[in-house]
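S.K.: Here is how the chains run, residue by residue.
There are 6 protein chains.
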Amino acid sequence: MRFDGREPLQLRPIHIDTNFLKHPEGSVLISVGDTRVICTASIEERVPPFMRGEGKGWITAEYSMLPRATETRNIRESSKGKVSGRTMEIQRLIGRALRAVVDLEAIGERTVWIDCDVIQADGGTRTASITGAFVAMAVALNGLVEKKAMARFPITDFLAATSVGILADGQPVLDLNYVEDSSAAVDMNVVMTGNGEFVELQGTGEESTFSRAQLAKMLEAAETGLLELFEKQRAALGEAISGKIDNRRNK
Amino acid sequence: MRFDGREPLQLRPIHIDTNFLKHPEGSVLISVGDTRVICTASIEERVPPFMRGEGKGWITAEYSMLPRATETRNIRESSKGKVSGRTMEIQRLIGRALRAVVDLEAIGERTVWIDCDVIQADGGTRTASITGAFVAMAVALNGLVEKKAMARFPITDFLAATSVGILADGQPVLDLNYVEDSSAAVDMNVVMTGNGEFVELQGTGEESTFSRAQLAKMLEAAETGLLELFEKQRAALGEAISGKIDNRRNK
Amino acid sequence: MRFDGREPLQLRPIHIDTNFLKHPEGSVLISVGDTRVICTASIEERVPPFMRGEGKGWITAEYSMLPRATETRNIRESSKGKVSGRTMEIQRLIGRALRAVVDLEAIGERTVWIDCDVIQADGGTRTASITGAFVAMAVALNGLVEKKAMARFPITDFLAATSVGILADGQPVLDLNYVEDSSAAVDMNVVMTGNGEFVELQGTGEESTFSRAQLAKMLEAAETGLLELFEKQRAALGEAISGKIDNRRNK
Amino acid sequence: MRFDGREPLQLRPIHIDTNFLKHPEGSVLISVGDTRVICTASIEERVPPFMRGEGKGWITAEYSMLPRATETRNIRESSKGKVSGRTMEIQRLIGRALRAVVDLEAIGERTVWIDCDVIQADGGTRTASITGAFVAMAVALNGLVEKKAMARFPITDFLAATSVGILADGQPVLDLNYVEDSSAAVDMNVVMTGNGEFVELQGTGEESTFSRAQLAKMLEAAETGLLELFEKQRAALGEAISGKIDNRRNK
Amino acid sequence: MRFDGREPLQLRPIHIDTNFLKHPEGSVLISVGDTRVICTASIEERVPPFMRGEGKGWITAEYSMLPRATETRNIRESSKGKVSGRTMEIQRLIGRALRAVVDLEAIGERTVWIDCDVIQADGGTRTASITGAFVAMAVALNGLVEKKAMARFPITDFLAATSVGILADGQPVLDLNYVEDSSAAVDMNVVMTGNGEFVELQGTGEESTFSRAQLAKMLEAAETGLLELFEKQRAALGEAISGKIDNRRNK
Amino acid sequence: MRFDGREPLQLRPIHIDTNFLKHPEGSVLISVGDTRVICTASIEERVPPFMRGEGKGWITAEYSMLPRATETRNIRESSKGKVSGRTMEIQRLIGRALRAVVDLEAIGERTVWIDCDVIQADGGTRTASITGAFVAMAVALNGLVEKKAMARFPITDFLAATSVGILADGQPVLDLNYVEDSSAAVDMNVVMTGNGEFVELQGTGEESTFSRAQLAKMLEAAETGLLELFEKQRAALGEAISGKIDNRRNK
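Chains as they are written, first to last, in the working numbering: chain A, 188 to 438; chain B, 188 to 438; chain C, 188 to 438; chain D, 188 to 438; chain E, 188 to 438; chain F, 188 to 438.
Treat the hints as calculated values from the structure; they're not laboratory data. It is possible that part of the hints are untrue.
In this list, chains with the same sequence are indistinguishable; a pair is considered to hold if it fits within one copy or across any two.
[As the list claims (entries may be wrong)] Result set (DSBU-like, lysine-lysine): computed pairs, CA atoms no more than 35 Å apart in a straight line: (1) K334 to K267; (2) K269 to K335; (3) K404 to K269; (4) K209 to K243; (5) K209 to K269; (6) K209 to K404; (7) K404 to K267; (8) K404 to K334; (9) K209 to K267; (10) K267 to K438.
With the rest of the complex left out, here is chain A (with noise of 0.2 Å):
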């Protein structure tokens, strides 16, 4: 039994709340027990220099925390003038996950901004922004389907991450809150698609190492986790949309 009475490959409990601002084209708050973010996707006519004249679409994140999602009070990134590295590799993260279920191609020349803001952190921030960005990206994506801004549905399968870890015991446990992240010896985050299959595997010793066995327990642990989030993410989205993205899937 875990610190918060969990089995070892138990999530904790999981919301989303679809359209939870009124501006952006698509939002939510997700929460995964006491980790909230508002995700947010906005939809901008144009991709950056880089990409001009190639007729393809770009994703891109940026991920932040208020001051005091932590225990202790952080000091904004804006005051100090400059992001951290942390928060450099939280972001290209969370863009180059959304990026793998999205066609490109058929967003034409367009940037989706995803916006993670962490508004109460308990660990797993990194991993609850991927699941919620996902379910925002859908919503405005179907929104410009919807209004025949966009020929095909763009988006080619389920996203979502979850966290595994093997505690100070040698114990494999899933979804690790932020006391149990703080002392894991090994701590993994897994993106994968609603197909089973990985798009970024992070798997790191913290002053420590792991095994070829220990890294395949990790794994299955990490699937049970994974398959509920799916399911949260298809009752967030509603029918309609959980439909056009099992269309493309299965294609």
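Take the given structure of chain A and dock chains B, C, D, E and F to it, following the hints.
M.R.: Leaving out everything else, chains B, C, D, E and F in the frame of chain A:
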């Protein structure tokens, strides 16, 4: 009748959710119509260098908007690497306003950090921030009193803010939303104490001017709205804390 | 009697040297007591990107202090690599105030850059900047009219600014110098047109508050001072330019 | 057969020149094919503020490319005034990887600064940096042991890194050069200890995905290459230092 | 005859107004023709960290131009957020030059901050800055001697600077104004002591070169101008301070 | 005899490795004693905005040191987020010096980017950079001539640089190493063409001064060293390129 069906001197619906987040010493989610701001108060056990050794506390504020708080996406100030003039002006105003109703000597050498993060903007974000931040600060400081970390209750009066303006047709109105604010000829922010004293008056003709008579009308309108805001704050804080504030006012 | 021998409603000695520098289209050195500010107006033959194609002009201001304008040396903002909140607030105020008395359509797609550089500071630098910048701007814009680069004379009224305050002893005073400003309970900046309309009112209780009655007294004091400032501007500009301003006012 | 004539599981030629520079405590020039990186290790007799008083050491890394390390000239990060997300990600990875094989308590309150400067880039600069930096660090830390500044030899195992990938045609390959890296569907960096334990696994589908079976093949390929890299490190370090590392591994 | 009617070896008119500002310990307004620079000297009662505990003083300089010191408006360095290479070069030169004639041990652990702010530019701003800053510094340091804060008078000689050049037609000229400076083939700044020793020589062929013979002619021209500048400094400082400088020179 | 056994007018051993890197259009590794600098020349097919449409080329330089080029580790300028005054001064010098021997019209609207990266520093890094950069630039520009991308060979003379100084004991010496440079009373950098004309002279008394006679001795010493440097450049470039330079010199 106004654009959104309100009377000229009618506030938008106000909601103040106290203890909205689990980590900060004080936190609220305030809604003023569609404007929604997360306000937190954090206690730091020291003061900035320029105040050390004076035996007094300090209150400072930061303000930010999520990129999609607005109709079109704003570039994050952390990405730009600098804070805009507008943001600086607002955070200086919030800090200054709150300091007017706090007995800084009672606080001792501590800093109260106020963070106002606008998650949805529809006009009046700075006045909503002040009104919400007052409640978050009262909860946080009361917590220190409860823990016996402070001898005297340090808040000396209620404090709230609202905007008033003169529309292009010359009509004075209370609590401008974004559409009204954009087209108003004159815009004034009024910060007032529960005793009806001004703390800050900022009136601006936007490529326009205003007369003494118009000033008088705007101040009257502001007062009407502020009385209602004080009632909302009182309800959000509950009888125990409100009573302590009343005690200090009457002295 | 005040610290420096003045009556409560007496301005400090005012001097406005027009055409102080040889390069700018308009320039003045304004002295308000020991406060000395170089104000220049520069014409740029285009507007900022957000205004292109609208057929209107723009007026923007920058403000700075020499490091030893003050009693102790200030670190240069160029060395710090960023502009302080106070500076931003002041430069936004100067630009906004001047725009209220300029017919931006008459200017056409041009920007007037106002630079206010304080070479000696003794309180009231922002109000001296506005008063001096108005004169520099009038000279620069009149130059364009003289050169037939502009069809209509674009300044629609005089504009000046002063400060009023309430000292710790409750006395309302006009045109605070640095010593008074530092100890005043309430400080208010008033920007007014020649016709006696307000353009900007900024009243602040410094860890203090003020009543309606005190507000009224301060506004009266400000008006006294502003009448004198308009006379100084008129003398500095000469009859020809002053007459053109009067012509536009009366329409 | 690959673009440059190699077999799928063949590394490029590896050279490690130890003590390449005269000033640093440890330095190497590592070549992996045409990729050439100068790696230095510098000892600082203190730790960063967040670690003071814990009696432990710290290892941190910085990574940079000369502007013409690449086919077309890159703008210097010092000229841009900020470090890119890619650079931050790489330097965090290098530091984290090295810390996994160092007994930080044995080091005492010292920082090892690793600098990896790429003078010529042809793919795999981050893995070459880790492999080279390990050698530079071992030389520097051994120097402290030789001077009796440290009681215990602090390196607990060999550490090297390589990349593996899946080309567009589905073929798994080892040690991708720039041309292969640009076109690979999947790219994975593997950091491993001499004992065959993983320290870091970073697999990314570049607008693509990968299956469990492909993961297994890539890990096997990586292992082949890493065994060869450990031999190169052993040769570059010489018997004395390699023996000390073996001693700590076996405990 | 030159563009402005001067003889080849004739300086422009020089004026040095001592005690131009009320706050700084030393201040002058220097005019060299139309070039006008405010130079101030400020005393700080400590030295920079790298000099603490050595019992010696330090002299450092900052240089800036008002935006409209020049024909067309320059962007403020504080707005750009960084100081240009030209500015850095000039401020390093000013500080280095002044340190050559100051007995840093006599000063004790104090910093003299020199600020040179160009309010009007017409060529030769860096040499005017050095010449003016010397006078401001002498006044400030003499003030400390007068207050008995310093045992020995610390200035060991006069110091002034001028420019010489070779025009496109091969003619050597003294004290170039902006028009001459822009078109000169060779430009040389010479900083010299009252005793006729060089402190700094900076000769630059602007897409051109110069011979030994031309160098000799330029140095002669510089000497002529410098003798006149020393007389102006002597007059600006008055007999009392000049005499103290002479006393130290003769030892 | 000097610290390192050299005669007063003896250079340190010089090596110039041409084509040190594979990507740049021109590259060398230059060693002057223990000072080692990688110099590259990159051709960009456009000029900076301020030169567009003039039909002329531009040459600009950047200079940097690896963190452990020096005895103790320097903080990277990219980490500090700004380039130091010393770096700016050096890169401006390198660019200016090279432009003096290039026929910018022959180049056409192209920019030559020079990058000088010091990998090991032992005094004289700026003069070694100029001497090495000249060779890299000649190779790059000759490449364009070979490709018929340029009608005329654009380099009009050889160009090299060295330092001379006066030690504390009054002895004039050539090519100061770090130890000598740190303790020299006077330090002078001389940039000269193959024809013996000066391009740049920068002499600085370090809290010291120098006479005309000392200047003459230093210039003589510099000339001795420069003759040797021209021979090394000639050997590094080979007869073909050297011959083309000679051709342009003689015209």
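S.K.: Each hint: holds or not?
M.R.: Outcome of the hint check:
{"no.": "1", "hint": "K334 to K267", "result": "between (41 Å within a copy, 33 Å between copies)"}
{"no.": "2", "hint": "K269 to K335", "result": "neither (40 Å within a copy, 39 Å between copies)"}
{"no.": "3", "hint": "K404 to K269", "result": "neither (38 Å within a copy, 40 Å between copies)"}
{"no.": "4", "hint": "K209 to K243", "result": "both (28 Å within a copy, 33 Å between copies)"}
{"no.": "5", "hint": "K209 to K269", "result": "both (29 Å within a copy, 27 Å between copies)"}
{"no.": "6", "hint": "K209 to K404", "result": "between (42 Å within a copy, 33 Å between copies)"}
{"no.": "7", "hint": "K404 to K267", "result": "neither (41 Å within a copy, 43 Å between copies)"}
{"no.": "8", "hint": "K404 to K334", "result": "neither (45 Å within a copy, 45 Å between copies)"}
{"no.": "9", "hint": "K209 to K267", "result": "both (30 Å within a copy, 25 Å between copies)"}
{"no.": "10", "hint": "K267 to K438", "result": "neither (48 Å within a copy, 42 Å between copies)"}
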